[in-house]
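Participant: If you want the building blocks of each chain, they are given just below.
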Amino acid sequence: MKFLCVPCDSPMKLETVDPDRGSLSVVYSCPECGYEIAMLTNAYETQMVQSLGVKIGPAGAPAESAGKCPFGAMIPAAGTAAAPASADPAVVRWTMEAEARLANIPEFVRPMARTGIERFARERGVVEIDETILDAAREFFGM
Amino acid sequence: MKGYHDIAGDGGSRILDQIAEQRTRVADGLAGVRHLVAVGSGKGGVGKSTLTIALAERLRVRGHRVAILDADFNGPSQARMAGVQHAVFVPGREKAALPRTPTGIGVFSMGSVIPESEALDFESAARGESHTWRATREFALLGEILGAFEWGSLDLLIIDLPPGADRTVQYADFFGVRASFVLVTIPSQVARGVVARSVAALSSRPNRLLGYVENMSGYYCRDCNAVKPLFAADASAGFGIPCLGNVPFDPDLARTCDFGLLATALRDSAASDAIDAIARRLLDELNEDQP
Chain A
1 MKFLCVPCDS PMKLETVDPD RGSLSVVYSC PECGYEIAML TNAYETQMVQ SLGVKIGPAG
61 APAESAGKCP FGAMIPAAGT AAAPASADPA VVRWTMEAEA RLANIPEFVR PMARTGIERF
121 ARERGVVEID ETILDAAREF FGM
Chain B
1 MKGYHDIAGD GGSRILDQIA EQRTRVADGL AGVRHLVAVG SGKGGVGKST LTIALAERLR
61 VRGHRVAILD ADFNGPSQAR MAGVQHAVFV PGREKAALPR TPTGIGVFSM GSVIPESEAL
121 DFESAARGES HTWRATREFA LLGEILGAFE WGSLDLLIID LPPGADRTVQ YADFFGVRAS
181 FVLVTIPSQV ARGVVARSVA ALSSRPNRLL GYVENMSGYY CRDCNAVKPL FAADASAGFG
241 IPCLGNVPFD PDLARTCDFG LLATALRDSA ASDAIDAIAR RLLDELNEDQ P
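Chains as they are written, first to last, in the numbering used here: chain A, 1 to 143; chain B, 1 to 291.
Derived from the structure by calculation, the hints contain no laboratory data. Among the hints, a few may not be true.
As the list claims (entries may be wrong) - Only part of the chain B face toward chain A is listed, based on derived beta-carbon distances under 10 Å:
1) Gly3
2) Gly106
3) Ala125
4) Ala148
5) Asp155
All C-beta atoms, glycine included, are put in the ideal place defined by N, C-alpha and C.
Can you build the whole structure from these sequences, using the hints too?
Facilitator: Here's what the structure looks like:
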């Protein structure tokens with residue numbers, strides 16, 4: 001979808017996107033005259049665009065993500081998948097490099113990956129998960 | 001006044017660019033796959049999933065590198081059949097490693113992610129109106145999966161499709177011309193009628209229809225070591241596409257599927273012999289060298 005400032009015959013630029021209870025307030029402005037309009041979407045319109053799996057918002061800005069965990073409502077801890085492990089010393093730790101690799105995989109499998117790899121580490125008496133452990137787990141579990 | 005096509009770019013939303021990037025990630029993810037073979041039907045309950053895992057295993061035994069994508073997100077069965085219900089997803093260097101069966105077949109199934117007591121659900125701004133957006137969201141998820149897992153270098157990626165003639169065509173559109181199709185039917189007029197619709201729907205697409213398999217083509221009685229009729233005699237003609245083979249119903253095959261043992265316990269039987277013959281025929285159709 002594109003917006004045209006009719007008096008200026010100039011394409012308008014996306015400025016901001018504010019989500020609000022299933023609606024998006026998408027503000028465009030004309031670079032020629034500065035006139036602003038806001039497109040306010042209903043829930044259907046919001047969802048139709050989000051269903052494409054895209055982020056909605058101007059480039060470089062924090063955007064309303066359509067890439068949220070699709071199972072957030074049904075998998076406990078899915079929304080906190082990237083949170084650091086407990087401070088309990090009995091819990092295995094993750095190095096920054098290992099956390100970075102975990103962040104590369106789809107959000108909806110991250111909680112399961114974290115749990116399974118920590119179990120793999122504990123079974124081997126390992127208390128810190130680093131890239132070596134991830135490579136060993138990959139060799140053990142993966143194709 | 002300018003029209004849509006007079007304006008370059010989209011004002012900054014980058015939605016078209018993001019769609020293009022998604023497609024590039026999918027294409028890159030599948031770049032090492034020689035053959036994409038989708039196993040569909042249109043009809044549910046005809047044995048698509050059983051045939052998918054059994055074919056994959058026979059192809060693996062023949063020396064081919066094979067993986068399975070369970071594209072039936074709402075009724076995934078490959079996780080159970082392949083014994084990867086409790087798979088551990090491991091991050092590789094850039095993407096997630098594909099879980100594998102004990103025999104080495106890579107499998108992605110939503111059944112490894114969601115327990116059978118739960119249904120696939122999505123967060124939505126239009127909850128209660130899923131008929132308006134759900135299919136689009138599922139294909140976006142399919143793209144995410146294809147782009148995010150290590151499919152690696154494969155001879156065949158076998159895609160287990162959900163039921164529905166309309167869905168079958170949507171997958172043809174999603175994967176494009178490089179996906180070939182195998183359709184599964186059973187010897188009932190009801191099933192054959194639905195499969196015929198799928199053949200008709202796919203005929204309007206450029207994808208290759210490799211042929212069809214008649215499953216539950218009689219049942220194999222181990223006591224008698226004979227195949228007996230399961231449905232009323234059916235002398236119907238084919239679908240105008242090659243018949244890749246007929247597979248008798250085998251209670252032992254069904255049992256191994258239920259318990260995730262198929263990949264390791266596919267024993268000598270009329271059904272496994274038939275599936276082996278179908279694997280050979282499939283490779284012939286794909287012009288794939290056979291060891």
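Participant: Any hints this thing doesn't respect? Which numbers, in order?
Facilitator: As far as the earlier hints go, only 5 is violated by this structure.
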